[in-house]
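Undergrad: Each chain is listed here by its residues.
2 protein chains.
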Amino acid sequence: MPQTLYDTITALAKRRGLYYPSFEIYGGQSGFVTYGDPGTKLKRNIETQWRTHFTNRQNILEIEAPLINPAKVFEASGHIDNFKEHSTTCTQCNRSYRADHLIEEKTGLENVEAQGAEAIQSLLREHKIKCPRCGGPLQDPTLILTMFQTEIGAVNGETAYARPETAQGMFTNFRRAYLHAREKLPFAIAQKGKVLRNEISPRRGMTRLREFTIIEMELFFDPENPDCPYMDEVADQPVKLITEKMLEEGNTEPIETTIHQALQDNLILTPWQAYFMGVSQRFITSLGVPPEKQRFRAHLPDERAHYSAQTYDHEALLEWGWLEVAGHAYRTDYDLKAHAEAQEPTVLRQDGTRYVPHVVEPSFGLDRLFYVTLENAYERRGKRNILRIPRSLAPTQIQVNPLVTRDGLTGKAREIHAALQEAGYTTQYDESGSIGRRYARADEIGTPLSITIDYDTQDDQAVTIRDRDTWTQVRTPIQELPDKLQGYFSGRLEILDLGEKIERD
Amino acid sequence: MPQTLYDTITALAKRRGLYYPSFEIYGGQSGFVTYGDPGTKLKRNIETQWRTHFTNRQNILEIEAPLINPAKVFEASGHIDNFKEHSTTCTQCNRSYRADHLIEEKTGLENVEAQGAEAIQSLLREHKIKCPRCGGPLQDPTLILTMFQTEIGAVNGETAYARPETAQGMFTNFRRAYLHAREKLPFAIAQKGKVLRNEISPRRGMTRLREFTIIEMELFFDPENPDCPYMDEVADQPVKLITEKMLEEGNTEPIETTIHQALQDNLILTPWQAYFMGVSQRFITSLGVPPEKQRFRAHLPDERAHYSAQTYDHEALLEWGWLEVAGHAYRTDYDLKAHAEAQEPTVLRQDGTRYVPHVVEPSFGLDRLFYVTLENAYERRGKRNILRIPRSLAPTQIQVNPLVTRDGLTGKAREIHAALQEAGYTTQYDESGSIGRRYARADEIGTPLSITIDYDTQDDQAVTIRDRDTWTQVRTPIQELPDKLQGYFSGRLEILDLGEKIERD
Numbered sequence: 471m472p473q474t475l476y477d478t479i480t481a482l483a484k485r486r487g488l489y490y491p492s493f494e495i496y497g498g499q500s501g502f503v504t505y506g507d508p509g510t511k512l513k514r515n516i517e518t519q520w521r522t523h524f525t526n527r528q529n530i531l532e533i534e535a536p537l538i539n540p541a542k543v544f545e546a547s548g549h550i551d552n553f554k555e556h557s558t559t560c561t562q563c564n565r566s567y568r569a570d571h572l573i574e575e576k577t578g579l580e581n582v583e584a585q586g587a588e589a590i591q592s593l594l595r596e597h598k599i600k601c602p603r604c605g606g607p608l609q610d611p612t613l614i615l616t617m618f619q620t621e622i623g624a625v626n627g628e629t630a631y632a633r634p635e636t637a638q639g640m641f642t643n644f645r646r647a648y649l650h651a652r653e654k655l656p657f658a659i660a661q662k663g664k665v666l667r668n669e670i671s672p673r674r675g676m677t678r679l680r681e682f683t684i685i686e687m688e689l690f691f692d693p694e695n696p697d698c699p700y701m702d703e704v705a706d707q708p709v710k711l712i713t714e715k716m717l718e719e720g721n722t723e724p725i726e727t728t729i730h731q732a733l734q735d736n737l738i739l740t741p742w743q744a745y746f747m748g749v750s751q752r753f754i755t756s757l758g759v760p761p762e763k764q765r766f767r768a769h770l771p772d773e774r775a776h777y778s779a780q781t782y783d784h785e786a787l788l789e790w791g792w793l794e795v796a797g798h799a800y801r802t803d804y805d806l807k808a809h810a811e812a813q814e815p816t817v818l819r820q821d822g823t824r825y826v827p828h829v830v831e832p833s834f835g836l837d838r839l840f841y842v843t844l845e846n847a848y849e850r851r852g853k854r855n856i857l858r859i860p861r862s863l864a865p866t867q868i869q870v871n872p873l874v875t876r877d878g879l880t881g882k883a884r885e886i887h888a889a890l891q892e893a894g895y896t897t898q899y900d901e902s903g904s905i906g907r908r909y910a911r912a913d914e915i916g917t918p919l920s921i922t923i924d925y926d927t928q929d930d931q932a933v934t935i936r937d938r939d940t941w942t943q944v945r946t947p948i949q950e951l952p953d954k955l956q957g958y959f960s961g962r963l964e965i966l967d968l969g970e971k972i973e974r975d
Numbered sequence: 471m472p473q474t475l476y477d478t479i480t481a482l483a484k485r486r487g488l489y490y491p492s493f494e495i496y497g498g499q500s501g502f503v504t505y506g507d508p509g510t511k512l513k514r515n516i517e518t519q520w521r522t523h524f525t526n527r528q529n530i531l532e533i534e535a536p537l538i539n540p541a542k543v544f545e546a547s548g549h550i551d552n553f554k555e556h557s558t559t560c561t562q563c564n565r566s567y568r569a570d571h572l573i574e575e576k577t578g579l580e581n582v583e584a585q586g587a588e589a590i591q592s593l594l595r596e597h598k599i600k601c602p603r604c605g606g607p608l609q610d611p612t613l614i615l616t617m618f619q620t621e622i623g624a625v626n627g628e629t630a631y632a633r634p635e636t637a638q639g640m641f642t643n644f645r646r647a648y649l650h651a652r653e654k655l656p657f658a659i660a661q662k663g664k665v666l667r668n669e670i671s672p673r674r675g676m677t678r679l680r681e682f683t684i685i686e687m688e689l690f691f692d693p694e695n696p697d698c699p700y701m702d703e704v705a706d707q708p709v710k711l712i713t714e715k716m717l718e719e720g721n722t723e724p725i726e727t728t729i730h731q732a733l734q735d736n737l738i739l740t741p742w743q744a745y746f747m748g749v750s751q752r753f754i755t756s757l758g759v760p761p762e763k764q765r766f767r768a769h770l771p772d773e774r775a776h777y778s779a780q781t782y783d784h785e786a787l788l789e790w791g792w793l794e795v796a797g798h799a800y801r802t803d804y805d806l807k808a809h810a811e812a813q814e815p816t817v818l819r820q821d822g823t824r825y826v827p828h829v830v831e832p833s834f835g836l837d838r839l840f841y842v843t844l845e846n847a848y849e850r851r852g853k854r855n856i857l858r859i860p861r862s863l864a865p866t867q868i869q870v871n872p873l874v875t876r877d878g879l880t881g882k883a884r885e886i887h888a889a890l891q892e893a894g895y896t897t898q899y900d901e902s903g904s905i906g907r908r909y910a911r912a913d914e915i916g917t918p919l920s921i922t923i924d925y926d927t928q929d930d931q932a933v934t935i936r937d938r939d940t941w942t943q944v945r946t947p948i949q950e951l952p953d954k955l956q957g958y959f960s961g962r963l964e965i966l967d968l969g970e971k972i973e974r975d
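As they're listed, the protein sequences go chains A and B.
Heads up, the first sequence stops at 975 in this note's numbering, and the numbers go up one at a time, no gaps.
Heads up, the second sequence stops at 975 in this note's numbering, and the numbers go up one at a time, no gaps.
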């Protein structure tokens, strides 16, 4: 069986410490991953990129609310009633599965969950679906709450749940954030945080985890004054949409339009949602996913979450197909009304009338973005693995190598390495193995530039800079390094701008 | 009753969105806080400062392991047996308390927990301690596991716990990290992460939380070759120690020594621990806590955790007394041996012998650092609150104000604001209320510099810069702003270096 790109990435990630399955030494536990050092750094860089695109604006308040919440929060939000999956258990080996997923695998049907409990039960029987592991008969499916449950207080505790998303942290803090935003709309609350979903039988590693990180925001606006003042930034940006109407007609070939036009044509219901979809496409593009591998796919009414008037999934194309990397939901006034018994949901207009703000939510799964970044960065060139991670995201920016470890080269190399670290670059000093092997290591972990100190360095006070993507080598005076590197990592310069090209034999 | 500094900080933090109690709208839940926007930023800046001091070195691998762990991990680590507290419950109102804390409050004794279950039971009876809320009789104390328990898998789940510290994530990943460190010691694994401790009855808000963030690292070294190559960085640094021997003699007046001398005198058992204690003092000093408000206090043998050969708490002086902000534990080979059935604990020396690496652990509670930073930054000057947060940590670096909102001043102010944001500063644009009120707001939230655009700006192409700490005002040409601000925030320039001083009436 040929290795899939997913397998290749998984193996590379494990070998180089980007990520790997958790609790390996205790037999593993599906749905959990651990990020190693370069992975932790890459993940943090993606998070920073999100802030650059979304939150670094006044009136966008980033908060950090707890992971564990008392049951009351999720009773009010609707999660206790709705955050459920269709589970079926093998009567023979006692393993449990998502019934809708088993049906999808057997029949090729899509989005079976939306058909509801009765249809799922019928389909399971109709297609005579058995336990995929032991072949035993399956019980009729039941709806199971898939939040992690616990108790607050070690004695006489109170029922509590780990949040399955970070949104309720924003809605339950609406009133206080509104004060901090000086009682003016529109404003937004943003949050990055761990969430837990107690999936029945998670598979496909990084794309369906039980513990993962969400980065999302809730933008509150007046439905009678819904304009977004930043619309010009993205108005002309081309996007590909698969609308609700197209889906109803069975048409999944996206139409190409612009943010502005989609809003004009009422394909996107409200300006802030349109704006964030535009920003979302820029953000995903900045991770190295070209626009032609992106699309927005609407949810059908029976597929939408209970709170949403319109949802577009932002999808990225991977080798195996399209993967949801973000959800753009127009939540209307559902959430503030849900908590209305505990928190005043209305705010004052200038004319003295009161209203419940509406909400749009751009929400990203950070671990999926991480995987998508890796798969898009991966290139096989001859026998080499290369991760062409965008230079603003690379876990290590510069690798510093003495050509050999004798004749005083290491001293100069360490000196340059220390100076680059001092200047704020993330660097790696590497003196082990042939220079070819060291370049190969840099390529595989996605380090954009390698600097090599060789026998000529003492004479010409210059070093060789090699880039990961083209393997071009240039010669650069040491004293020009600060300027040149600054230019390269700010995107102003390319490798050939950094020095004189070295023609290799 | 006079307001304590703690009350003042708590009120300020709530009003300005630094932090506040979680789930307020649902009646609150002790042991949980929510960080608002400036709090989230300050917390992140402290985390970055930690990296600058501790982790930005090759061979320090930062990882991110899961919060939820299968029971096996904590059985092996010893937590299931040891992570317990002495609980007592009121037979009348059914409220539960930590028995040792009740005894401490009634008697003034310290560290009652270390005396063990029988002594606690006797003390509770001897001092006739009753329920502090209803006066009812208390049950005999029992040892209660204080980890949050849950199940992995929504159907037929497996018992699991939320980690009460991040250390096990490092120990269970030792083997893989060792490979990524190219099988060379010393190396360290670092981690920042949420942890959960199911305290029986948490009080005193920010200093005893059920959900909080730890930043810590585990340094692995060869006990036969324990030297730390970076010792020179901190060797001469003065520190105040209360040693085990002093405590045994009832002497709590710290001795003043240096890191080097303390190691020479065997007051600190191993070089890496001494090194990290030196770095720790620098780190805490960088948060604005002067060295005279810091000390290291040893644990007595019966007070130490089960894994430790020597522990020093790093303490900071607050208004109400000394607070532990870090623990420096020499964990020897306890942890790798604890997981030895699941993971090979030994590594190879160059001479072919094998050994189990020893571990030292510098561990910080990020939320406590946050509070300590605020309390040390707080100054009351007349009727003003000032947060003198170190300029490298301030949530907002620069506030930009038009003097008034008419006569075209706002346009220029917005332009300068946008340019500063573009240059990477965290900024706040403020045009509401008198300039005095705006300066007061900047002072209270700890913004180091305010820039005001006034009627002269159009003529002299200059602005007024005002600093938070001295209220000095200087006049600076707009074109010099980039250089001057860069100098100020890198610590090279002070307010009087930024422009010509304006003498106020």
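These aren't lab readings, by the way, just hints derived from the structure by calculation.
Each hint should be verified, as a subset may be incorrect.
Unchecked claim - In the DMTMM-like style, the derived pairs of lysine to aspartate or glutamate whose C-alpha atoms are separated by at most 20 Å in a straight line are:
#1 A:664 x B:635
#2 A:807 x B:635
#3 B:664 x A:621
#4 B:511 x A:610
#5 A:664 x B:924
#6 B:554 x A:628
#7 B:664 x A:635
#8 B:807 x A:610
#9 A:654 x B:789
#10 A:554 x B:621
#11 A:576 x A:610
#12 A:484 x B:517
#13 A:511 x B:517
Undergrad: Hint by hint, say whether it matches the structure.
TA: These are the hints, each one checked on the structure:
Of the pairs offered as hints, the one joining residue 664 of chain A and residue 635 of chain B holds, with about 16 Å between alpha carbons and a cut-off of 20 Å not exceeded. In summary, the hint linking residue 807 of chain A to residue 635 of chain B is not supported, as the alpha carbons are separated by about 38 Å, beyond the 20 Å threshold. At most 20 Å may separate the alpha-carbon atoms for a hinted pair to count; residue 664 of chain B and residue 621 of chain A meet this at roughly 17 Å. Only pairs whose Cα atoms come within 20 Å are accepted, and residue 511 of chain B paired with residue 610 of chain A is rejected, the gap being roughly 50 Å.
For the proposed pair residue 664 of chain A and residue 924 of chain B, the alpha carbon gap of about 45 Å is over 20 Å, so the pair is violated. For the suggested pair residue 554 of chain B and residue 628 of chain A, the alpha carbons sit about 19 Å apart, so the restraint of at most 20 Å is met. A distance of roughly 16 Å separates the Cα atoms of residue 664 of chain B and residue 635 of chain A; the hinted pair therefore holds under the 20 Å criterion. For the suggested pair residue 807 of chain B and residue 610 of chain A, the alpha carbons sit about 47 Å apart, so the restraint of at most 20 Å is broken.
A C-alpha spacing of about 37 Å is found between residue 654 of chain A and residue 789 of chain B, which places the hinted pair above 20 Å, so the restraint is violated. Of the supplied pair hints, the one linking residue 554 of chain A and residue 621 of chain B holds, its CA atoms being roughly 16 Å apart against a limit of 20 Å. The hinted pair formed by residue 576 of chain A and residue 610 of chain A meets the criterion: a straight-line CA distance of about 17 Å does not exceed 20 Å. At most 20 Å may separate the alpha-carbon atoms for a hinted pair to count; residue 484 of chain A and residue 517 of chain B exceed this at roughly 27 Å.
Restraint check: the Cα-Cα separation between residue 511 of chain A and residue 517 of chain B comes to about 14 Å, which is no more than 20 Å; the hinted pair holds.
In the structure shown, a violation is registered for the earlier hints numbered 2, 4, 5, 8, 9, 12, in ascending order.
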